[in-house]
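S.K.: Knowing the structure of chain A, use the given hints to seat chain B on it.
One line per chain: the protein sequences are A and B, in this order. No gaps in the numbering here: position 10 of the first sequence is 10 in the numbering used here, and each next residue is one more. No gaps in the numbering here: position 231 of the second sequence is 231 in the numbering used here, and each next residue is one more.
Some hints could be false.
[As the list claims (entries may be wrong)] Quick look at which bits of chain A chain B covers, simulated, 3 or more residues with Cβ under 8 angstroms:
| hint | segment |
| --- | --- |
| 1 | 48-54 |
| 2 | 68-81 |
| 3 | 105-112 |
| 4 | 149-156 |
[To be verified] Stretch by stretch, here's where chain A covers chain B in the computed footprint (C-beta under 8 angstroms, at least three residues):
| hint | segment |
| --- | --- |
| 5 | 283-291 |
| 6 | 295-303 |
[To be verified] On the chain B side, residues computed to face chain A include the following (Cβ under 7 angstroms):
| hint | residue |
| --- | --- |
| 7 | L152 |
| 8 | P155 |
| 9 | R156 |
| 10 | P159 |
| 11 | V306 |
| 12 | Q308 |
| 13 | P312 |
| 14 | T315 |
| 15 | H329 |
These are computed hints drawn from the structure, not numbers from a lab. All residues carry an ideal CB built from backbone N, CA and C; glycine is no exception.
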Amino acid sequence: MSEVEQVTTPETAPPPQPWEPRIIAFLCYWCSYTGADNAGTARLKYPANVDIIRVMCSGRIDPDLIMSAFARGADGVMVCGCHIGDCHYIAGNHKTMARMPMVARVLQDFGIEPERFVHEWVSAAEGEKFARLVRQVTEQVRQVGPLDWPGRMRQRGVGHGQDLHPWGGAA
Amino acid sequence: MTATMETRPRQPGKLRIGMYWASSCGGCDISVLEIAEHLLELIEVADIVFWPCVTDFKYATLAGYPDGYIDVCLSSGAIRSSEQEEIARLLRLKSRTLVAYGACAMDGGIPALANLKSSAEIYDAVFHSNPTLQNPNKTTPQPAWPTPQGELTLPRFYPQVLRLADIVPIDYQMPGCPPVGDQVWKVLQAVAAGEVPARNDEVRVGCDGKSVCDECHREKRKTRISEFRRPHLSVPEPNLCLLEQGYVCMGAATRSGCGALCTKAELACRGCYGASGAARDQGTAMLSAIGSLIDATTEEQAREIVDQIADPTGTFYRFSLASSALKAHR
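One chain only, chain A, in its complex shape:
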């Protein structure tokens, strides 16, 4: 805790910002990230609501990362990988295709709307598809509204939300 407290008076306080969806996108290095890059070089416009995290393979995306993204405040999560048959590691995305339907079911059991979790294949040439997907996901997350998982957990439980530190220790 810093010694100097930031004092915000009504005059200096920034005006309240309207809520914007915050979406975490896990993209595989070989296809989907290159696809997103493709969208950029083609100067396609898509909303800035998406935070891209590059991973080497969509089969590398531990479902824990998806749960943690929601638990720590994401409004939506996208998982994109190579089309089936195109995986750089031959069968990495075969694991993704079996995991993601289970992730979707578990998320629904936790009360997270299906609109918030999207799993799609995007190839290196599909920049246009990526831009369209981001537009579509941003819009559908905007429709369901803010998730604010840390806030909800704090509301629900005594002392809850205090241990959202990534390695499980007290924050």
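M.R.: Positioned in the frame of chain A, the structure of chain B alone reads:
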């Protein structure tokens, strides 16, 4: 508020042991009796100073002890009510070493599955809509009720099941539903000899560092799963990996230490020892492991196979929902 052995000098006299049950079934208390004849050895070196399950201790007795009076307190059960939280705080104050004992205290356990429902839904199921109930007056317990003699109160029901570590700092976790007798005896021996590992709230005692698969006798043949089976509808092949046969066995994501009791008895591991190794979230670790084993070449096939799992959330998080990343229903 951290109370450790270093800051609290030991009170003179015999070793003092306490045990408490919060939101728990009592199985953990029984598991201490599983040390069988060793109980006599334990009583020789230690006094039991608080154990509501077996002897008559009042909360006032506990409150009357000097701080740090109990050398080792095994606290079982999750925290579900204000009473349990109050006692957990009191135990922390009175104990030099506080152990989250059993799956419920450590990870929420079975009670934490209630986190998938709201308090209103739970009250409705327990007091109104359960088919075995007859409650025409819709009687529901109230936190406070006025009577001519004064106001009667009940502990407050929390909207969420919490782990012991969510309420107070703990020194050790001891997994299991319940912890197996051999492990309990090992830990109690270590406590009596003063040979306990360095402490922090991640330290688990009474278990090993690997996964249940390492202890399991069953043979793995790298068979992929093309169909999920349920234990009440089919009989598994003996000596072959249960997961490869299509039974959702939590062994791969579960910490070892139990001696793979369930798989020896032809039953898939239920995951009571909590997440194995470095895994933080047992449910997603299991989900991930199963995803790697599905025998499918198309998305539709894969979906068809994994949809056969009856209740993925309740199965993967059977004992560890309160320790999961999401922790509870929205």
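S.K.: Each hint: holds or not?
M.R.: Outcome of the hint check:
Chain B is given as covering the segment 48-54 of chain A, and this is violated because 0 residues of the stretch bring a CB closer than 8 angstroms to a CB of that chain, at least three being needed. Residues of the segment 68-81 of chain A with a Cβ under 8 angstroms from some Cβ of chain B number 3, which satisfies the need for three, so the listed coverage holds. Here's how the segment 105-112 of chain A fares: 6 of its residues keep a CB closer than 8 angstroms to some CB of chain B, so the rule of at least three is met and the hint holds. With a threshold of 8 angstroms between beta carbons, the proposed coverage of the segment 149-156 of chain A by chain B holds, since 4 of its residues qualify and at least three are required.
Judged by the Cβ-Cβ criterion of 8 angstroms, the segment 283-291 of chain B is covered by chain A as claimed, because 7 of its residues qualify and three suffice. With a threshold of 8 angstroms between beta carbons, the proposed coverage of the segment 295-303 of chain B by chain A holds, since 6 of its residues qualify and at least three are required. Proximity of L152/B to chain A is violated relative to the hint, the smallest CB-CB distance being about 23 angstroms (cut-off 7 angstroms). Proximity of P155/B to chain A is violated relative to the hint, the smallest CB-CB distance being about 13 angstroms (cut-off 7 angstroms).
The interface hint given for R156/B is broken, as the beta carbon of that residue sits about 10 angstroms from the closest beta carbon of chain A, more than 7 angstroms. Interface restraint check for P159/B: the shortest CB-CB distance to chain A comes to about 5 angstroms, inside 7 angstroms, so the restraint holds. Annotation: V306/B was flagged as interfacial toward chain A, and the flag holds, the nearest CB pair being 5 angstroms apart, inside 7 angstroms. Taking 7 angstroms as the C-beta cut-off, the interface hint given for Q308/B is violated, the closest approach to chain A being about 11 angstroms.
Checking P312/B against chain A by beta carbon gives a least distance of about 5 angstroms; that is within 7 angstroms, so the hint holds. Below 7 angstroms, beta-carbon pairs count as interface contacts, and T315/B has none with chain A, the closest being about 10 angstroms; its hint is therefore violated. A hinted interface residue such as H329/B counts as satisfied when its beta carbon comes closer than 7 angstroms to some beta carbon of chain A; here the least separation is about 5 angstroms, so the hint holds.
Hint compliance for this structure: hints 1, 7, 8, 9, 12 and 14 are broken, all remaining hints hold.
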